[in-house]
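Model the full structure from these sequences, guided by the hints.
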Amino acid sequence: MRIKNKRDFLAGLMFTATGIVFALIGTQYKFGSAAQMGAGYFPIVVSVVMSLLGIVISLQALTPKAEEEQVPAFYWKKLFLVLGPIVLYSVVLRWLGLILSLLLLIGLSSTASHEFGWKGTLVNAAILIVFCLAVFVWILNIYLPLWPWFIDN
Amino acid sequence: MENLLANLGIGFGAIFSLDPVKLFGYTMMLPVNIVFAFIGAVIGTLIGVLPGIGPLATIAMLLPVTFALKPLAGLIMLAGIYYGAMYGGSTTSILVNLPGEVSSVVTCLDGYQMARRGRAGVALTTSALGSFVGGCFGTLLLAAFAVPLADMALQFYPPEYFSLMVLGLIGAVVLASGSLIKAIAMICLGLLMGMVGTDVNTGITRYTMGIPQLVDGIGLVSMAMGVFGFSEIISNVEKSEKRETFTNRITNLFPTKEDFKRMAMPVLRGSVMGSLFGFLPGGGAPLASFASYALEKKISKTPEAFGKGAIEGVAAPETANNAASQTAFIPLLTLGIPPNAVMAIMVGAMMIHNIQPGPEVMTVNPTLFWGVIASMWVGNLMLVILNLPLIGVWVSLLRVPYRFLYPAILTFCCIGAFTVNNDTFDVLTAAIFGFLGYVFLKFGCEGAPLLLGFVLGPMMEEYFRRSLLLSRGDFSVFFTRPVSLSLLLIAAALIVIVAVPAIKAKREETFRE
Numbered sequence: 066m067r068i069k070n071k072r073d074f075l076a077g078l079m080f081t082a083t084g085i086v087f088a089l090i091g092t093q094y095k096f097g098s099a100a101q102m103g104a105g106y107f108p109i110v111v112s113v114v115m116s117l118l119g120i121v122i123s124l125q126a127l128t129p130k131a132e133e134e135q136v137p138a139f140y141w142k143k144l145f146l147v148l149g150p151i152v153l154y155s156v157v158l159r160w161l162g163l164i165l166s167l168l169l170l171i172g173l174s175s176t177a178s179h180e181f182g183w184k185g186t187l188v189n190a191a192i193l194i195v196f197c198l199a200v201f202v203w204i205l206n207i208y209l210p211l212w213p214w215f216i217d218n
Numbered sequence: 016m017e018n019l020l021a022n023l024g025i026g027f028g029a030i031f032s033l034d035p036v037k038l039f040g041y042t043m044m045l046p047v048n049i050v051f052a053f054i055g056a057v058i059g060t061l062i063g064v065l066p067g068i069g070p071l072a073t074i075a076m077l078l079p080v081t082f083a084l085k086p087l088a089g090l091i092m093l094a095g096i097y098y099g100a101m102y103g104g105s106t107t108s109i110l111v112n113l114p115g116e117v118s119s120v121v122t123c124l125d126g127y128q129m130a131r132r133g134r135a136g137v138a139l140t141t142s143a144l145g146s147f148v149g150g151c152f153g154t155l156l157l158a159a160f161a162v163p164l165a166d167m168a169l170q171f172y173p174p175e176y177f178s179l180m181v182l183g184l185i186g187a188v189v190l191a192s193g194s195l196i197k198a199i200a201m202i203c204l205g206l207l208m209g210m211v212g213t214d215v216n217t218g219i220t221r222y223t224m225g226i227p228q229l230v231d232g233i234g235l236v237s238m239a240m241g242v243f244g245f246s247e248i249i250s251n252v253e254k255s256e257k258r259e260t261f262t263n264r265i266t267n268l269f270p271t272k273e274d275f276k277r278m279a280m281p282v283l284r285g286s287v288m289g290s291l292f293g294f295l296p297g298g299g300a301p302l303a304s305f306a307s308y309a310l311e312k313k314i315s316k317t318p319e320a321f322g323k324g325a326i327e328g329v330a331a332p333e334t335a336n337n338a339a340s341q342t343a344f345i346p347l348l349t350l351g352i353p354p355n356a357v358m359a360i361m362v363g364a365m366m367i368h369n370i371q372p373g374p375e376v377m378t379v380n381p382t383l384f385w386g387v388i389a390s391m392w393v394g395n396l397m398l399v400i401l402n403l404p405l406i407g408v409w410v411s412l413l414r415v416p417y418r419f420l421y422p423a424i425l426t427f428c429c430i431g432a433f434t435v436n437n438d439t440f441d442v443l444t445a446a447i448f449g450f451l452g453y454v455f456l457k458f459g460c461e462g463a464p465l466l467l468g469f470v471l472g473p474m475m476e477e478y479f480r481r482s483l484l485l486s487r488g489d490f491s492v493f494f495t496r497p498v499s500l501s502l503l504l505i506a507a508a509l510i511v512i513v514a515v516p517a518i519k520a521k522r523e524e525t526f527r528e
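Chains as they are written, first to last, in our numbering: chain A, 66 to 218; chain B, 16 to 528.
Hints are computed from structural coordinates only; laboratory data are not their basis. Please note: incorrect hints may appear among the correct ones.
[Said to hold, decoys possible] The calculated lysine-lysine pairs, modelled on DSS-like cross-linking and capped at a C-alpha distance of 30 Å, are:
hint, chain 1, residue 1, chain 2, residue 2
1, A, K142, B, K457
2, B, K254, A, K184
3, B, K323, B, K313
4, A, K142, B, K254
5, A, K130, A, K69
6, A, K71, B, K254
[Unchecked claim] Some chain A residues close to chain B (C-beta under 10 Å, calculated; not the full set):
hint, residue
7, R72
8, G91
9, P108
10, K142
11, G149
12, H179
A virtual CB, placed ideally from N, CA and C, is assigned to each residue, including glycine.
Given below as structure tokens:
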């Protein structure tokens, strides 16, 4: 059997699988009855509905009438270069402080662009860091450690 | 009518009031609300002009900032961003043939053609004037319909509320583009994500996987940033074409008498169409602009002129998207139901200030309610003044390359997400949702239904539970109460209509245009 609409087929699988996971976890909670619903009632009902919808989506993708569609390519490198620095930022913020963490975030994430250049990135980072300090720290008084842990903030 | 004027009086009184502000060590009396309406309008125009960042991600980004503000000032600013973006979006469409916002896609068709014929200034003025008329019209409707609708909603019992939410969610996906069944599945996923955290009825924590930060549920801000902000950035950087920058000088802003004559009726029709679509669940600004462009083309005596610089093709959609961005507040403020994803974020904004959106807002908090409405007029006026003389400034912003822009968006998101709870966990959550959003994008699943389901999830469960508690477990309670039944019937009718093959084909055709 050939899968005509690969995009929908995979989307359907995603919904079904997620639904099953949510329903299974939901069985840990009290189900109750319609009149006296436990914490598990509503989530399980919704999970089951979602799983069924997922099955329908996948089956529709197999029918001869389905539109021919491929899943567009995943650019894992770009994904990593954009999201990686965010994760890194969330890890190092407490230790390195705002200024260095932002420098890392902006410097590393900028490499995702095909027009990347170090000079422009550094200027951009400098402008952004000063702007953030001015707006968030000095005007809005949002509490953030500014410098690394070994410097007394 | 007299009531309306009295209410608006409250609103204008609230926004023009002076508050003491401590700035640089001095305490000054400032009209804080006006200042924030202005800030909102400027930010809105800015992100409207810049392609690649929309009002949704921006409002999510700035939501934490409103912690520091009074609720009225915060809401005024966020609302200003939303309708300000409608003004800004048209500028990019006209000058660069690239929509600054989704709602300005159709403006490219005729707006850019007008610009190529040396009439860029006229097109910009037309869209600004149209936007102003549309915005005022929408605000007027909001003011007029708020009281009766809220009165009606106060009569609702849990079954009616549950059915209303079903209708709202179904309507939202029927009118949106893309696959209907996938959108409904996305709503379910949103509902489930809304279940994460403490169950209000039983007090037990669900789906937290032992993570203490999830006890209060998944953060709306992180979710919206990830799904709408980060995933968009990844898909933008994976394309490697260069954006063209436009540098022509704009001269002659003034439309001729003939132009005025030609735009009058489209502006009027755009106001009505836009208001209608903004109010409908799932409608909102993008759909309003598409629909009113299609209408103008259909009833025009010279449909062949469309796409070649017809002023009607700029006036109508630009009026409609602004009218829609005002009337979208009607269901939110009166029924507590967000009709689109931006309004879902506004629910979050109200909740952090302990305001439960719904019919009670008006009676419990009249200065807030009427203040927001009054601020829309002031904001629209500011936008016209801001946009036309300062057009050069906005155009120069278009020359900022995307490689500088997206790290800036990431920076503001990371700081914004952190400040929600002063916890880096929210930044991490946003990154995870960025990944999920990217997967959804590749699988052709939309983020908006997910967000709507997420916001409505806990409320829906609560009303579902209470309805069945009242009926002692009898499901017929949703079908025996007339109002609830009619709401569900409308929802069912919507699905049937869209599923009918003939209409399905027509619908796909409309969205392709």
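Evaluation of the provided hints:
1. A:K142 - B:K457: holds (15 Å)
2. B:K254 - A:K184: holds (22 Å)
3. B:K323 - B:K313: The given pair, whose Cα atoms are some 15 Å apart, holds under the 30 Å limit.
4. A:K142 - B:K254: holds (13 Å)
5. A:K130 - A:K69: Cα-Cα ~9 Å, so holds.
6. A:K71 - B:K254: holds (22 Å)
7. R72: Constraint on R72 of chain A satisfied, holds at 5 Å.
8. G91: holds (8 Å)
9. P108: Check passed: Cβ of P108 of chain A comes within 5 Å of chain B, closer than 10 Å.
10. K142: holds (9 Å)
11. G149: Interface hint status for G149 of chain A: holds (9 Å vs cutoff 10 Å).
12. H179: Nearest chain B Cβ about 4 Å off; hint holds.
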